[in-house]
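Chemist: Please put together the full structure from these sequences, using the hints given.
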Amino acid sequence: MRVIAGRLGGRRLRPPPDKGVRPTSDRVREALFAQLGALEDAHVLDLYAGTGALGIEALSRGASAAVFVERSPASLAVLRDNLGRLGLAAQSRIVRGDALAVVRRLGRSAERFDLILADPPYALEVGPALLGALRAARIVAPGGTVVIESSRRHPVRPVPGWRVVSDRRYGDTVLTRLMPEAGTGTQGDGPVPAPEGGKAKG
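This note's numbering numbers the first residue of the sequence shown as 133 and each following residue consecutively.
Hints listed in this document are in silico derivations from the structure and should not be mistaken for laboratory results.
Bear in mind the structure is a predicted one, so any value in this text is a computation, not a measurement.
Do not rely on the hints blindly, as some may be mistaken.
[Stated by the list, open to error] Just the calculated beta-carbon pair ranges, DEER-fashion:
1. 229 - 260: 16 to 24 Å
2. 219 - 299: 33 to 41 Å
3. 137 - 217: 16 to 24 Å
4. 169 - 147: 22 to 30 Å
Every residue, glycine too, gets a C-beta built ideally from N, C-alpha and C.
Modeler: Here it is in structure tokens:
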């Protein structure tokens, strides 16, 4: 595993400790970030972060800060190591916990995100529940986007409050990009807060 492009392009990432964990492949990450385009100063939320490959790629390509959400102790150890070795601790915050619970908690704060990335285990099929939680939390910044990775056997279905921008297949993987529909109350109000900085924490 490696960082695909940006200021850290080519740097190696420590792989997941569990052989049963399915990280996003280099090919899929490259395709995803080609779709997203410029990420300068974006505030990013990486749900089901695992090794942190998606959020790290965003930081390498110009995002200003990223919040990584993961609950597996083994994956958290790898995530911390990757962020530390790449010098990204000051731009990162690690939150240990269930992704849906953390989204609900973030909804009680003023934090908003320009880009939300979610790569849940395919077997969970959390798309509708996650989109429902994001809609209720209203943590998508104005103009922000959500990308969910899923299996082609269980693709993300459209739900009220969201518009599917693109739905692309790469082998067994489907990347669904969504934005809040105008006037639905899904999108958060106001500007994105400045990055907090400081050490990554659990």
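Chemist: Compare the structure with each hint and give your call.
Modeler: Okay, the hints, checked on the actual structure:
{"no.": "1", "hint": "229 - 260: 16 to 24 Å", "verdict": "holds (20 Å)"}
{"no.": "2", "hint": "219 - 299: 33 to 41 Å", "verdict": "holds (35 Å)"}
{"no.": "3", "hint": "137 - 217: 16 to 24 Å", "verdict": "holds (18 Å)"}
{"no.": "4", "hint": "169 - 147: 22 to 30 Å", "verdict": "holds (28 Å)"}
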